[in-house]
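*Asks:* What follows is the residue order along each chain.
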Amino acid sequence: MPQPASTPPGVIRNFCIIAHIDHGKSTLADRMLQVTGVVGERQMRAQYLDRMDIERERGITIKSQAVRMPWAVDTTYILNMIDTPGHVDFTYEVSRSLAACEGAVLLVDAAQGIEAQTLANLYLAMENDLTIIPVLNKIDLPSAQPQKYAEEIAGLIGCDPADVLRVSGKTGEGVPELLDRIVAEIPPPVGDADAPARAMIFDSVYDTYRGVITYVRVVDGSLSPRERIAMMSTKATHELLEIGAISPEPAPTQGLGVGEVGYLITGVKDVRQSKVGDTVTGERRQAAQPLGGYHDPRPMVFSGLYPIDGSDYPILRDALDKLKLNDAALIYEPETSGALGFGFRVGFLGMLHLEIVRERLEREFNLDLISTLPNVSYDVRLDDGSELEVTNPSEFPAGKIASITEPVVRGTILAPSEFIGAIMELCQSRRGTLLGMDYLSPERVELRYTLPLAEIVFDFFDALKSRTRGYASLDYEPSGDQEADLVKVDILLQGDTVDAFSAIVHRDKAYAYGVQMAGKLKELIPRQQFEVPVQAAIGSRVIARETIRAIRKDVLAKCYGGDISRKRKLLEKQKEGKKRMKMVGSVEVPQEAFIAALSQDGSGAEIAKSKK
Amino acid sequence: MPSSFPPGDPAPPDGSLPASALQGMPQRPFSVYLHVPFCRVRCGYCDFNTYTLPELDDDGAPQGYLASAHAEIELAARVLRPADPPPVSTVFVGGGTPTLLPATDLGSLVAAVRERWGLAPDAEVTTEANPDTITPAVAEQLAGAGFTRVSVGMQSSVPHVLRTLDRTHDPAGVAGAVQALRDAGLQVSLDLIYGTPGESLADWRASLDAAVALGPDHVSAYALVVEPGTRLHGQVRRGEVPAPEDDDEADKYELAEEVLGDAGYRWYEISNWARSPEHRCRHNLAYWQGADWWGVGPGAHSHVGGVRWWNVKHPRAYADRLGQGLSPAHAREVLGPEERHDERVLLGVRLGDGLPVEDLRPDGRRAVAGLVADGLLEGRAAVRAHAVLTLRGRLLADTVVHRLLV
Chain C
140 MPQPASTPPG
150 VIRNFCIIAH
160 IDHGKSTLAD
170 RMLQVTGVVG
180 ERQMRAQYLD
190 RMDIERERGI
200 TIKSQAVRMP
210 WAVDTTYILN
220 MIDTPGHVDF
230 TYEVSRSLAA
240 CEGAVLLVDA
250 AQGIEAQTLA
260 NLYLAMENDL
270 TIIPVLNKID
280 LPSAQPQKYA
290 EEIAGLIGCD
300 PADVLRVSGK
310 TGEGVPELLD
320 RIVAEIPPPV
330 GDADAPARAM
340 IFDSVYDTYR
350 GVITYVRVVD
360 GSLSPRERIA
370 MMSTKATHEL
380 LEIGAISPEP
390 APTQGLGVGE
400 VGYLITGVKD
410 VRQSKVGDTV
420 TGERRQAAQP
430 LGGYHDPRPM
440 VFSGLYPIDG
450 SDYPILRDAL
460 DKLKLNDAAL
470 IYEPETSGAL
480 GFGFRVGFLG
490 MLHLEIVRER
500 LEREFNLDLI
510 STLPNVSYDV
520 RLDDGSELEV
530 TNPSEFPAGK
540 IASITEPVVR
550 GTILAPSEFI
560 GAIMELCQSR
570 RGTLLGMDYL
580 SPERVELRYT
590 LPLAEIVFDF
600 FDALKSRTRG
610 YASLDYEPSG
620 DQEADLVKVD
630 ILLQGDTVDA
640 FSAIVHRDKA
650 YAYGVQMAGK
660 LKELIPRQQF
670 EVPVQAAIGS
680 RVIARETIRA
690 IRKDVLAKCY
700 GGDISRKRKL
710 LEKQKEGKKR
720 MKMVGSVEVP
730 QEAFIAALSQ
740 DGSGAEIAKS
750 KK
Chain W
282 MPSSFPPGDP
292 APPDGSLPAS
302 ALQGMPQRPF
312 SVYLHVPFCR
322 VRCGYCDFNT
332 YTLPELDDDG
342 APQGYLASAH
352 AEIELAARVL
362 RPADPPPVST
372 VFVGGGTPTL
382 LPATDLGSLV
392 AAVRERWGLA
402 PDAEVTTEAN
412 PDTITPAVAE
422 QLAGAGFTRV
432 SVGMQSSVPH
442 VLRTLDRTHD
452 PAGVAGAVQA
462 LRDAGLQVSL
472 DLIYGTPGES
482 LADWRASLDA
492 AVALGPDHVS
502 AYALVVEPGT
512 RLHGQVRRGE
522 VPAPEDDDEA
532 DKYELAEEVL
542 GDAGYRWYEI
552 SNWARSPEHR
562 CRHNLAYWQG
572 ADWWGVGPGA
582 HSHVGGVRWW
592 NVKHPRAYAD
602 RLGQGLSPAH
612 AREVLGPEER
622 HDERVLLGVR
632 LGDGLPVEDL
642 RPDGRRAVAG
652 LVADGLLEGR
662 AAVRAHAVLT
672 LRGRLLADTV
682 VHRLLV
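Quick mapping for you: the protein sequence lines, in order, are chains C and W.
Under my numbering, the residues of the first sequence are numbered 140 to 751, in order.
Under my numbering, the residues of the second sequence are numbered 282 to 687, in order.
Because the hints were derived from the structure by calculation, they are not lab data.
Being a predicted model, the structure only gives us computed values, none of them experimental.
Mixed in with the good hints, there may be bad ones.
Partial list, computed: chain C residues near chain W (C-beta under 10 Å) [stated by the list, open to error]:
| no. | residue |
| --- | --- |
| 1 | Arg587 |
| 2 | Asp702 |
| 3 | Arg705 |
| 4 | Arg719 |
| 5 | Met722 |
All C-beta atoms in this analysis are idealised placements derived from N, C-alpha and C, irrespective of residue type, glycine included.
Chain C extracted, bound-state conformation (with noise of 0.2 Å):
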């Protein structure tokens, strides 16, 4: 069997799947370990390769991992399958993991039909020429409809629907043939093996014991071990402690040559020294031009994140800085606000990202975390020429502004026709320009919309779900900049501004914003010894009102002798929550509200977790 370092790439074949989430690409992965004898009976587990516990529980595959597995045909061939995350938010890594491969294996569940997302990611890889081989998956199951959705990959790819395979990753049946055509037909890598070493870094795992893991594909010259290799970003050099390959752990080898894909581990112990999309060259013979591609990860959306117990702080700093190792995306920097004490901004690539990051905080450094609500990045011109860019409500400069200027995103969203007239409603009401829509069968169709990111990160998602019963499937990807009419509203209480409720909006939108968000707070807050003004304003303009009357009557009117000790532990326990009290002036807001008024129904995390 050929060994790493000394495969000739004629019989490598780099591939990658390209799915929507719960359509079968994990199960479908399993078995090819099975079918190739990489993993034994005995130690299969499901889904083998995602290892962290949230993507286990969600289904979904955050960072992606190189699986190299031998396949006897007229030799032995090495096939390398590289997994590609499965979201929006991590367009930018999957565009590199796409990088890495000559093909796609464009994996759709037979009783679902593609989705956006699968849709946008086969586009991508039609882009960068990967061959693509088109599978239905699941068509053991009673609803399976091969023939029909045979017909619209057919018609997306442009091939014969009997060209496109049937599957069963459950079974297993016709994995074996899946894998025969992906030695037939993916083209060989094609390298320089004399020249200086060239090998792309499609992703950056830490890892407690071992620091950074860089997962790479090598594509001119060799990488051996106990060399020392450079970054081409950053000129940084490293000593290579290892390097291998999985199949399906992480093993030592000789080193990588042309077209292999494996792993390098240097020492370093943050992501940011090792980051996706950059080259890795010799220290010694470095090459002269870096691969194409790369980019630094850019934060979309943003939030203040802040410790419901304010002495939980110092640990929310470590968790994020722990974090960080493993998220090169993750950004963030210390804010304070009036309302909720001592927080971080931290900016996400999106809501998936943004979710991820909290969930993980409190899961695994057992925070209770307030989230403000999410905004995007915003560029303001002022009248005296000068600029800024806004990334929090409370940097909103306040008059003498020229311009500004939102995020635009390009979204796909794939849906039955039936429900045309709502999808266009709803991006109607969220500012969406339609680009255009194409029918993919009869019953589904693909509407396109230029939507403004900010309009996305509120809630979107959940209202397309509604409105189509669950069926929609959304993608975007950032196309741009538009100069837009925004305002920020803020939310007085007894007169003074919340900072954590602050708002930027459209202009049309801002009293529909007051008018919620008053109302929202009247209902969360208790009244106080005074009647509390709640008031929305743009600037000192109100334009929402409602009144928090004042309490006339707390007291329990019996207290006899029973009632005594009853009567002083439950003034022990309002003692303790006091101290979850925070006071806005003179106005006394629970931590509940607070919690309650910046929770939306839903997040775009509901992305990832929907099922139909």
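Using the hints provided, position chain W relative to the given structure of chain C.
*Replies:* Chain W only, in chain C's frame:
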């Protein structure tokens, strides 16, 4: 007494008390509470520890109860003997419906108390009574048995309100009961409830007017509290009747103060008004002033020298414990200095005489000025170094307590 107990520590099976609790007992007033856990019907709002005879499935329950109550009085006498308690200054028989028992039976309990500890010469001896259990003969018997005062469960004078409360008495009968008690030389207190679902402000005014017209010595007026586990709680939860509303109850409290005040009654505790200082209920004042009392009966609470305990609730369990010579105490708590301070403030500030400011911790003393400024404490009383609630402060007494206990 509430249906659910606070959490507590185990109580010793022999009922013994720590020496610290017994110390100084002769110098403190001592009261006895007797709990009679029987009613003819269970009212929908009531979460007191009481049972109807069919519930107990035991027609002999009242007689068994009497024997057990006498046994507990004997146990109390044994436990307290080393402390040399003073003569009992007040006795209160509550329920339940004490007057479901013959007056002679109630009298036998009072006699046992007198026999064990003696009654102070001016002792106040009260029983609760449903209006429809009071006849001239019963009133005479109660007076003869040593009772000095009867607290009548009038609740309301409005038929639909009484119906919602499941009270079975005829409102017209209250006058006769009051007259009978008065003729027997007994002091009369009327209990009223406001905030019953469906009760209008006019209904409440009618009840207050009716109570005042009967010329009682004392009036208690409680806001209806919908307690979990009651039938009324279920009805509110299911939306069959509206939940009591704080603002409505505040209006009704203010109306009570107005009507009772105009008729010459003065508040001396948040829910209690008396025709004169001599007519205040001294037994209840004992609770609020931290006196010692022994509570006899199923579910009864006691307090002696900073130790609070409470008995097992069910009459049968209660009888079983005493039958085995054991204390019926279910659990107890020994209060620390912080807890005793909190209780003193919690209870004292609800009194018309108020709380001496010197009883407060320094932070609490500093809070007094702010509470006066907010209209919750009387400025004139504060000058005399007493924390006395204003009318507004009485309605917001919990807020005041929180601020005094910072």
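*Asks:* Does each hint hold? Answer for all of them.
*Replies:* To see whether the hints hold, each was checked on the structure:
1. Arg587: Since chain W brings no Cβ nearer than about 48 Å to Arg587/C, farther than 10 Å, the hint is violated.
2. Asp702: With a minimum Cβ separation of about 6 Å from chain W (threshold 10 Å), the hint on Asp702/C holds.
3. Arg705: 5 Å, holds
4. Arg719: 14 Å, violated
5. Met722: Because about 14 Å separates Met722/C from the closest Cβ in chain W, which is outside the 10 Å limit, the hint is violated.
Of the numbered hints given earlier, the model fails hints 1, 4, 5; all others are met.
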